[in-house]
Amino acid sequence: MVTDIEPSVTVIILAAGKGTRMKSDLPKVLHTVAGRPMVMWAVEAARQVTSDDHIAVVVGYEADQVRAALPAGVTTVLQADQLGTGHAVKLALDAGVGAGDGVVVVVPGDTPQLHGSILAGLADSQAQSSGGVTMLTAELDDPSGFGRIIRDESGDVVGIVEHGDADDAQLMIQEVNASVYAFDAAALRNVIDQIDTDNAQQEMYLTDTVSLLRDALGGVGAMVGDPADSLGVNSPAQLAEVDAVMRERVNSELMASGVTIIDPSRTYIDASVTVEPGAVIYPETYLQGDSFIGAGAMVGPSVFLEDSSIGAGARVWYSVVRESKVGPSTEVGPFASLRKGTVTEEGAKIGTFVETKNTHLGVGSKIPHLSYMGDAKIGESSNIGAGSITCNYDGYEKHDTVIGDNVRVGSDTMMVAPLEIGDNAWTGAGSTISKDVSPGALAVERSDQREIPDYDARRRKKADGQ
Amino acid sequence: MVTDIEPSVTVIILAAGKGTRMKSDLPKVLHTVAGRPMVMWAVEAARQVTSDDHIAVVVGYEADQVRAALPAGVTTVLQADQLGTGHAVKLALDAGVGAGDGVVVVVPGDTPQLHGSILAGLADSQAQSSGGVTMLTAELDDPSGFGRIIRDESGDVVGIVEHGDADDAQLMIQEVNASVYAFDAAALRNVIDQIDTDNAQQEMYLTDTVSLLRDALGGVGAMVGDPADSLGVNSPAQLAEVDAVMRERVNSELMASGVTIIDPSRTYIDASVTVEPGAVIYPETYLQGDSFIGAGAMVGPSVFLEDSSIGAGARVWYSVVRESKVGPSTEVGPFASLRKGTVTEEGAKIGTFVETKNTHLGVGSKIPHLSYMGDAKIGESSNIGAGSITCNYDGYEKHDTVIGDNVRVGSDTMMVAPLEIGDNAWTGAGSTISKDVSPGALAVERSDQREIPDYDARRRKKADGQ
Amino acid sequence: MVTDIEPSVTVIILAAGKGTRMKSDLPKVLHTVAGRPMVMWAVEAARQVTSDDHIAVVVGYEADQVRAALPAGVTTVLQADQLGTGHAVKLALDAGVGAGDGVVVVVPGDTPQLHGSILAGLADSQAQSSGGVTMLTAELDDPSGFGRIIRDESGDVVGIVEHGDADDAQLMIQEVNASVYAFDAAALRNVIDQIDTDNAQQEMYLTDTVSLLRDALGGVGAMVGDPADSLGVNSPAQLAEVDAVMRERVNSELMASGVTIIDPSRTYIDASVTVEPGAVIYPETYLQGDSFIGAGAMVGPSVFLEDSSIGAGARVWYSVVRESKVGPSTEVGPFASLRKGTVTEEGAKIGTFVETKNTHLGVGSKIPHLSYMGDAKIGESSNIGAGSITCNYDGYEKHDTVIGDNVRVGSDTMMVAPLEIGDNAWTGAGSTISKDVSPGALAVERSDQREIPDYDARRRKKADGQ
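Chains as they are written, first to last, in the numbering used here: chain A, 132 to 597; chain B, 132 to 597; chain C, 132 to 597.
Treat the hints loosely; a few may be bogus.
Covered stretches of chain C (in silico footprint by chain A; criterion: 3 or more residues with CB under 8 Å from a CB of chain A, positions within the stretch not fixed) [what the hints assert, rightly or not]:
#: 1; segment: 517-527
#: 2; segment: 551-563
#: 3; segment: 576-582
EDC-like mimics (lysine to aspartate or glutamate), calculated; alpha carbons at most 16 Å apart, straight line [to be verified]:
#: 4; chain 1: B; residue 1: K566; chain 2: C; residue 2: E582
#: 5; chain 1: A; residue 1: K149; chain 2: A; residue 2: D195
#: 6; chain 1: A; residue 1: K566; chain 2: B; residue 2: D579
#: 7; chain 1: B; residue 1: K592; chain 2: C; residue 2: E528
#: 8; chain 1: B; residue 1: K593; chain 2: C; residue 2: D525
#: 9; chain 1: C; residue 1: K593; chain 2: A; residue 2: D525
#: 10; chain 1: C; residue 1: K471; chain 2: C; residue 2: D421
#: 11; chain 1: B; residue 1: K456; chain 2: B; residue 2: E477
#: 12; chain 1: B; residue 1: K508; chain 2: B; residue 2: D531
#: 13; chain 1: A; residue 1: K529; chain 2: A; residue 2: D506
Taking beta-carbon pairs under 7 Å as the criterion, some of the chain C residues facing chain A (in silico) [claimed, not checked]:
#: 14; residue: V451
#: 15; residue: S468
#: 16; residue: F484
#: 17; residue: E486
#: 18; residue: Y503
#: 19; residue: V547
#: 20; residue: G571
#: 21; residue: L573
Source of the hints: derived by calculation from the structure; they are not laboratory data.
From the three backbone atoms N, C-alpha and C, an ideal C-beta is built for every residue, glycine too.
Please build the complete structure, drawing on both the sequences and the hints.
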């Protein structure tokens, strides 16, 4: 167990809803924000206050899909019928989640902006309180649709009224429930069975526990948070807004660590991507999935990178790179497409109008222009002439091409795979090479050059109809 | 005639001016906003309250150019000398426009933000009024340059004073004339001849009708609108602003309909483009002219599309597509250029570093890489090897290439047109094919591969000067 | 000397610091803003009030690097030990800078937004004043970190207190020192030796001269400026902000001059670039270094241009252009890469998937697709077929290819350099041309096309394991 983790904190993440207003069959919590499913943002926040074995996710709609997106060590609880947030928490408690003495934090699964530090603050505050719950609230200019916080004359919280159940005076209240709570575990277990479905939605509201706990233990704690940090995503438009906010946060953290991002508003970096300090990211760049950018690398403008690594000091621009490893000090682009399984060693070059797939390029080897290399293994210090192609597909199957060290492949060489070209070998420009080439030899496939004199004059006559 | 159209409404669009401050020889109303000429935005708004035969456009500067941009059914009236807005409307009335009893709506041709719903509101309001005119106004922080609305003590509009004719007290007024009016047709005809040119501009102001109508009929109606909806474009900077506003409106409407636009601020969609719900548009994408995107298609990043359609479920990225039809589930790019007359059927592929022109690609056929196909007809399930080219230009004329079904064109095949390659035929890699190929046959043009041993050693010696 | 220059004004630019908070080994003043090193922005501002021989730059950290970025006519003064701004100015005065009667303006080297007009205003104001100094101030919401302006009851400036030396009352002052001063030269020389290092930083503060000059000559002048114009760059984040501001200023000035920039927020134009009125710049375009865009040219979307010129009426899109000259009415792209030394004449074309290097393309000549031309000289009205390549590298050295006028190079022609193809000559598609071609002749290197019947049937059998 990590030292700075509070073992007595349990986090329950509510992730059972479909999110009908998202206009999508994908469970709401699986929509991604900065490339990470929303429910995983909640898990990452939870991990800042507890260990995986103290994190429980209540799943329901497309439960298996949601489970598949979660880390192995996290507990899931199935809420087959969606009878409200109170019901969801009850199911978790019934399943033994938060069984000890400590604090139970409940968070929505659709609030990616929520910092772990806010959960820590709530949990700490609750741990030091004699009351049963400490909740997060926010003040909104337009509180419409949110549960309102009811306070008494002395300013103490006495309960929450859902929008649909509020009277006119309550509708004027601008302080709303952010739906994040830290409960005393034992107290929560005592009241959870008392909540009912006697309300507009006919659901078990978790919010009802607040007044129950106040009646039982007095003093409800409340922390007023920044609305930007705590409000959930309920529509495609809100998803787009939160995505922008979180991408800005990812970019800001990278910049603070020493990464140069020329124009953050035009740079899309997934939360899952590692970028070392000293890297420079130009605009119109997408870094996605399990990707890595080394120190001093220059990436962009106009790069799409997916599940790939870029070595220190490499330069990649105007290119698409997928499931590949670009070595240190390698140049890629402008206008290259690296497909799955491309690996380059130090100082290699994949230049302009070059596509590669399942190809290994050794130290200092270059494919400068207009080539396709597929299923190829190229040694060190070799040069592939412009217009060269591995004919790796025989119409039925793919075959390999092996090119040695210090090879000079002439321009427009067709390499009909399976093929092996030995170290120090050469091929003649315009040759179709279908038999292996011995080390040090020149292989050439060519006829004699012939000249037909006065061809132009005759063509002109013909074109003139003579 | 469409059911929900009010036949008694006539709309006069004022589009005669050059727009000197635009610093361009193009008539101001032909500058485009979200890809549509400004005057056509006015026509589209007018179409929401009446039929084309009740829409008249007053043209003057470069009248023929403006006429050419208008739908056939719309009336145009020539204002040869530009003697003011009152003069323009008078010419239209004299030509018989708005001859009946109904309402005459007058709108500027340079106000693309103006919703048809605003025109409808004005016309309805006027139709129910006993007065002679209902006008649109706006309240501005800086009213400088605009005609001011003069109201009496009871708040009723009594007239309009142009900026150049206003006294100091009038210059303090922040409510301005938005230059959009709904007139009682008969009343307008009665007063239009009474307006004169006794003012700072020495022009016939349409605004003078307002006080004349008040004197004749009392009660001038006024609706205060959003300044953002009604102020005209008078400079390149304002054009850029309005263009941004209208593009945002186009994007918002698409998003509300179920289209996903990843970053609306980086997506340029003309108002003329249809995008089906379920399509996803990535940044740096331009969709222009008469274009269509089908449901589930993924377009972008970095796509320039002009007068083209993308079928349902297709993916197009890092590509330029002009006057082409991309079929359903077709893959295009990264890095492809589809020129005029490219048509693909379902499940086709135009891959990386591929250019096509006037080429038809059958169901499931693929041109994966580094190829140019021009004036070609390719059947179903055929594969074009990397580096293949249709030599469609003989130096004088273009010729066609016909490739059958299930053809395997080897890499780097030159197809010298006119040429026909039969069904199930193959070509050898690196072959120049200048004669037709029989169905099922392999055509090859190649010499024997020779090997010159120890070539590298000799070259090294030579390079070393030995 | 230029007429509107005031010879009695001397400008001292302070550029000795490393700028530790920039987290970079590059001297702070060499970080670029809109492509121009910050210290050169200060020099350009200074040039609006004086001539180069009256501009002195105090250098220190990496002095040689900073000197190399400065124009030849500007004086530099070395501050080996960085003992404060007062010390820097003292060294300059000791070296004879500002020796005459006039005004000495002191500006920081890290304030690129500072307009020359502000320096002119300060210098004029000081020249007409009986006091010893006129300074620029700014009012900040958060003055933290800045020297505060101390005024007496009548509002006159009496001195400046650095943040680290301020008491609680002084810390509340929001008016801060913008670190830009116009001194009476003689008065400054009189007091510069009196400032000491008795302060929190143990440095000689230039700010101390203010109270000394007030004591000596009374009345300190102060102009309150816009904070946005005068605050320095002290972190990568501030650099990014100022860079955005200055790029916006560059774009605004171009637009005001008649250049159309479709989306200024997505267009990166260095201050060093000239763009003629009537040019149109599309988004995602980078214009860098010593570059020029002619009237009527259309550049972008997605163009990276470095040290290159684009002729009037040319169109360049989706391309990278470096150290090249694109002629008038030339088409480039989509998807072209022009490398160092590419020059095109009027009406030429470098099309799609074409790379060029050190290549001259004559009037009306075209390289439409999929070609690499390196070290080539191509005459007028010639056409290079798709897939053609100059094999300019023999494995050891680069060689030239010379192509005449009206040449028709067939598709997929390999031109093995050194090579000369005469005027009006042709080459056959798919030929490797390694010997010179006579004018008007057709050169071809090709075998006979053979056909192997029923190949497909046999391949199918084999694939089926029969």
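query = Given the proposed pairing of A:K566 with B:D579, does the C-alpha separation stay at or below 16 Å?
reply = Holds, because 10 Å separates the two Cα atoms, which is no more than 16 Å.
Agreement of hint C:V547 with chain A interface, Cβ distance less than 7 Å = holds, 6 Å
inquiry  = Checking one constraint from the list: CA of C:K471 to CA of C:D421, max 16 Å. Satisfied?
reply    = Distance ~14 Å between C:K471 and C:D421 Cα, so the pair holds.
inquiry  = Min Cβ distance, C:F484 to chain A: is it shorter than 7 Å?
reply    = Hint holds; C:F484 Cβ to chain A Cβ min 5 Å, cut 7 Å.
ask   = Taking 16 Å as the top limit, are the C-alpha atoms of A:K529 and A:D506 close enough?
value = Cα-Cα ~8 Å, so holds.
key: Given hint C:V451 near chain A, where the shortest CB pair must fall under 7 Å   = C:V451 check passes; min Cβ-Cβ to chain A is 4 Å, inside 7 Å.
ask   = Can the restraint linking C:K593 and A:D525 be considered satisfied, given a maximum Cα separation of 16 Å?
value = The given pair, whose Cα atoms are some 12 Å apart, holds under the 16 Å limit.
query = Any CB of chain A closer than 7 Å to the CB of C:G571?
reply = holds, 4 Å
message = Tell me whether the statement that chain A covers the segment 576-582 of chain C is true, taking a Cβ distance below 8 Å and needing three residues at minimum.
response = holds (count 3)
Proximity test - 8 Å, beta-carbon atoms, the segment 517-527 of chain C to chain A, at least three hits = Coverage by chain A holds here, the residue count being 5 at a Cβ distance below 8 Å.
request  = With a cut-off of 16 Å on the C-alpha distance, tell me whether A:K149 and A:D195 pass.
outcome  = Distance of about 13 Å is within 16 Å: holds.
query = Can the hint on C:L573 be confirmed by a CB-to-CB distance to chain A that is less than 7 Å?
reply = Constraint on C:L573 satisfied, holds at 4 Å.
Consistency note: the structure conflicts with none of the earlier hints.
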